[in-house]
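Asks: So you can see what is in the structure, the chains are spelled out below.
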Amino acid sequence: MKSTKTLGLLAALMMSGASLANAQTALEGGQEADMVLLPKFLGILVFDQANEGAQEAHAELGNPGELLFVGPTPENSVAGQIEIMTTAATQGQGAVMLSNNAGDQIAPSAVAAQEAGTRVVTWDSPIPGGEGEDVFVAQVDFGSIGTVMADMAHSILGGEGQMAVLSATPDAANQNAWIASMQEALKGDKYANIELVDIVYGDDQAEVSYNRALSLVDQYPDLGVIMSPTTVGIQASAKAMQDEGLCDQVKVSGLGLPSEMVSYTMNGCAPEFALWDFRDLGYLTYYTAYGLATGQLTGDIGESFSAGRMGDFAIEEDPGRPGSKRILMGPFTVYTSENVEAAAQ
Amino acid sequence: MLRILDKLNPQALRILALLLVVVAVLVFFSLVVPNYLNGRLFNRISSSVAIMALLATAQTLVIITRNIDLSIGSTIGFVAFATGSLITNNPDLGPVILVAYAMGLGAMFGAINGALVAFAKVPSIIVTLGTLALFRSALVEYSDSKSISTANLPEWLVSFPNTVLWQWGQMQFRAAFVAAVLVVILVHIALTRLRAARKLYAIGSNPEAAEMAGINTRKTVFVAFVLAGALAGLGGFMFLARFGTITVVAGLGLELKSVAASVVGGVNIFGGSGTVIGALLGAVLVDLIDTSLVRWQLVSEFWREAVLGVLILLSVATDALLMRRLMAARQAREHRKAEAKIAQELASTNRGGAE
Numbered sequence: 001m002k003s004t005k006t007l008g009l010l011a012a013l014m015m016s017g018a019s020l021a022n023a024q025t026a027l028e029g030g031q032e033a034d035m036v037l038l039p040k041f042l043g044i045l046v047f048d049q050a051n052e053g054a055q056e057a058h059a060e061l062g063n064p065g066e067l068l069f070v071g072p073t074p075e076n077s078v079a080g081q082i083e084i085m086t087t088a089a090t091q092g093q094g095a096v097m098l099s100n101n102a103g104d105q106i107a108p109s110a111v112a113a114q115e116a117g118t119r120v121v122t123w124d125s126p127i128p129g130g131e132g133e134d135v136f137v138a139q140v141d142f143g144s145i146g147t148v149m150a151d152m153a154h155s156i157l158g159g160e161g162q163m164a165v166l167s168a169t170p171d172a173a174n175q176n177a178w179i180a181s182m183q184e185a186l187k188g189d190k191y192a193n194i195e196l197v198d199i200v201y202g203d204d205q206a207e208v209s210y211n212r213a214l215s216l217v218d219q220y221p222d223l224g225v226i227m228s229p230t231t232v233g234i235q236a237s238a239k240a241m242q243d244e245g246l247c248d249q250v251k252v253s254g255l256g257l258p259s260e261m262v263s264y265t266m267n268g269c270a271p272e273f274a275l276w277d278f279r280d281l282g283y284l285t286y287y288t289a290y291g292l293a294t295g296q297l298t299g300d301i302g303e304s305f306s307a308g309r310m311g312d313f314a315i316e317e318d319p320g321r322p323g324s325k326r327i328l329m330g331p332f333t334v335y336t337s338e339n340v341e342a343a344a345q
Numbered sequence: 346m347l348r349i350l351d352k353l354n355p356q357a358l359r360i361l362a363l364l365l366v367v368v369a370v371l372v373f374f375s376l377v378v379p380n381y382l383n384g385r386l387f388n389r390i391s392s393s394v395a396i397m398a399l400l401a402t403a404q405t406l407v408i409i410t411r412n413i414d415l416s417i418g419s420t421i422g423f424v425a426f427a428t429g430s431l432i433t434n435n436p437d438l439g440p441v442i443l444v445a446y447a448m449g450l451g452a453m454f455g456a457i458n459g460a461l462v463a464f465a466k467v468p469s470i471i472v473t474l475g476t477l478a479l480f481r482s483a484l485v486e487y488s489d490s491k492s493i494s495t496a497n498l499p500e501w502l503v504s505f506p507n508t509v510l511w512q513w514g515q516m517q518f519r520a521a522f523v524a525a526v527l528v529v530i531l532v533h534i535a536l537t538r539l540r541a542a543r544k545l546y547a548i549g550s551n552p553e554a555a556e557m558a559g560i561n562t563r564k565t566v567f568v569a570f571v572l573a574g575a576l577a578g579l580g581g582f583m584f585l586a587r588f589g590t591i592t593v594v595a596g597l598g599l600e601l602k603s604v605a606a607s608v609v610g611g612v613n614i615f616g617g618s619g620t621v622i623g624a625l626l627g628a629v630l631v632d633l634i635d636t637s638l639v640r641w642q643l644v645s646e647f648w649r650e651a652v653l654g655v656l657i658l659l660s661v662a663t664d665a666l667l668m669r670r671l672m673a674a675r676q677a678r679e680h681r682k683a684e685a686k687i688a689q690e691l692a693s694t695n696r697g698g699a700e
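Protein chains in written order, with our numbering: chain A, 1 to 345; chain B, 346 to 700.
Read the hints as simulated data drawn from the structure, not as lab findings.
Keep in mind that the hints are not guaranteed to be accurate.
As the list claims (entries may be wrong) - Only some residues are given here: those of chain B computed to face chain A with a beta carbon under 7 Å:
hint : residue
1    : A483
2    : V485
3    : S488
4    : S492
5    : S494
6    : N497
7    : Q515
8    : F518
9    : S550
10   : G589
11   : V593
12   : V594
13   : L597
14   : R681
The structure displayed is predicted, hence computed values, not measured ones.
Heads up, the beta-carbon is just placed ideally off N, CA and C, and yes, glycines get one too.
Start from the sequences and build out the full structure, keeping to the hints where you can.
Replies: What follows is the structure in structure tokens.
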């Protein structure tokens, strides 16, 4: 806590007398801070895209320090993330940018990292309790993801029918939050005739997701749509429906990458899906973490700064997690046969 | 009926017992899951068992020699990714080259395992536990955090597994399943008919005796691992064709499923006995239980693994119990027959003595 205050004071001194509290901070490049970008695990395209965005920002800001892209292997995600967090603290890294897959289990090591002077910025998936986290860079408003998913289901089902959710892992904080917000949205009158029949988990593995999608169809003969808020799950579900010739009966929707989903959108298996830009998310996360690590940002609510090509952002309280802070990126794009081909290029 | 049972050898009896367990599982789930028994169920199980059948066969080859291959899941993942990457970059390559590449790569991984086990004499469980992590890490490194996407694969590859070869009612016999069953049958014939293949059993039953009998145990164990690797490589090719999307998590945990399928299929974990037909049935049983559990409302997502474990234990126990009963009954009958024969002979000698 003490070090945070000192850093804040330093930052205030550096910005010199002219600037006012809560004014736009233009981040100054060229300062040295070693950074670690820590995804849930390695080997999924979206995390790679986030890294591209972070590398772009790293080059743009001319940080003489190092930007490391390190993640655990998939089977060791939880333990691996905690280990990397601990190592980053002992190495005295300036900031760790974390897409959390370890729930609140990572909090003790994140707190330890903060005490060692490492700033912890989460992105994509936060630490649910907020402990050990400086700020969460939210891709989109978690509440609105629920509404978007409910709306896509509504439009695919024509307002009436059964839907099921195929998620990633049962521990994934972001997916769980989105599903909860969708369940909340579904209570609205507009969705009165849409029934959420089941929530299953494909563990972000193509083969597990594929089999789960098929068993959903077997279990619920009247199922109209499978909603999958994960890029692995949505693609596996769409392929399963296509392979079994079920696309007329069961549609697939959720969060997917245009380049992976384009054929399924064009042939009608997945008429609508949504996503945000992971490059932008990595870029904004880097700017935030850099500002904090170099002491140019304090991380207090109300503080705002400009993040290069993406414009201005402010730190606010996270409505989904009282007491925690977030930076809202937004917006996301809904892809249909109209715009998916252009986006897939 | 009992006469027929007497004529069957123990392995055939075991397969019969397994079939009974499969039927019991089918009956049980048809009672608790509505709309369960239909052609669709057959299509589901046959499609997904195609890959596991190859892996269980690979695992069986190694287990028969009193070894184990825990790196199979990582091998299949790496091969699927590398093969996908090859065809993505060279879309004009034909099926033969691609399958050969997949099997060759798998065989290479098998050779690494085999060399360490057979020549460096490191226990296979330790070697393959190491290579399990090693091959997976190699994949993470090789993949450069990219993934293989269905969109970049040629049409023939993606449509191959689901091509319907012939149809009977709702039941479809698809290319991947038929190919896998053919491979299993081929390996089965080789194991039962080929002299060289019998060496695997000899080594598994008694390594010292096999050595004394002039069998080159090192070479044979090495070859078993290479063959298992090649089969796993073929499994990797099928995995790529079926799922299309290959990330670094591909095939995670399949090594334990392949061991489960083999053991449930009656392959002795201490080596020396077991058939690949049994392993195929074991794969069917494990997959059947897994698929059916998902549809059983009573079991929540979080308990499924536990229930699957219990059911596997139960089916193995039932199988063992059935086997023991059948064997005991057979022995008892043979004993009685022998007694009757002795009594007869005694009677005749007595008669002879009396004359």
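Asks: Against chain A, is B:F518 within 7 Å by beta-carbon distance?
Replies: violated (15 Å)
Asks: Checking hints one by one. Is B:A483 an interface residue toward chain A, by the C-beta closer than 7 Å rule?
Replies: At 11 Å from the nearest chain A Cβ, B:A483 fails the 7 Å test, so the hint is violated.
Asks: So, as I understand it, the hint says B:L597 touches chain A; can you test that by seeing if any CB pair is closer than 7 Å?
Replies: Constraint on B:L597 satisfied, holds at 5 Å.
Asks: Are B:G589 and chain A close enough, Cβ to Cβ, to be under 7 Å, as the hint says?
Replies: With Cβ-Cβ at 6 Å, under 7 Å, it holds.
Asks: Would you check whether B:S494 satisfies its interface hint, that is, whether its CB is within less than 7 Å of any CB in chain A?
Replies: holds (5 Å)
Asks: Against chain A, with CB atoms and a cut of 7 Å, does the hint on B:N497 hold up?
Replies: violated (9 Å)
Asks: Against chain A, is B:V594 within 7 Å by beta-carbon distance?
Replies: Given a least distance of 4 Å, the restraint on B:V594 holds.
Asks: With 7 Å as the cut and Cβ atoms as the points, is B:V485 at the interface with chain A?
Replies: Holds. Min distance 5 Å.
Asks: Given B:S550 as an interface hint, is its Cβ closer than 7 Å to any Cβ of chain A?
Replies: violated (35 Å)
Asks: So, B:Q515 near chain A? Judge it on the closest CB pair being under 7 Å.
Replies: Cβ of B:Q515 sits 12 Å from chain A, so the hint is violated.
Asks: Identify whether the interface hint at B:S492 stands, where standing means a beta carbon of chain A within less than 7 Å of its own.
Replies: holds (5 Å)
Asks: Is the interface hint for B:R681 satisfied, with its Cβ closer than 7 Å to some Cβ of chain A?
Replies: violated (50 Å)
Hints 1, 6, 7, 8, 9 and 14 from the list above are not met by this structure, while the remaining hints are.
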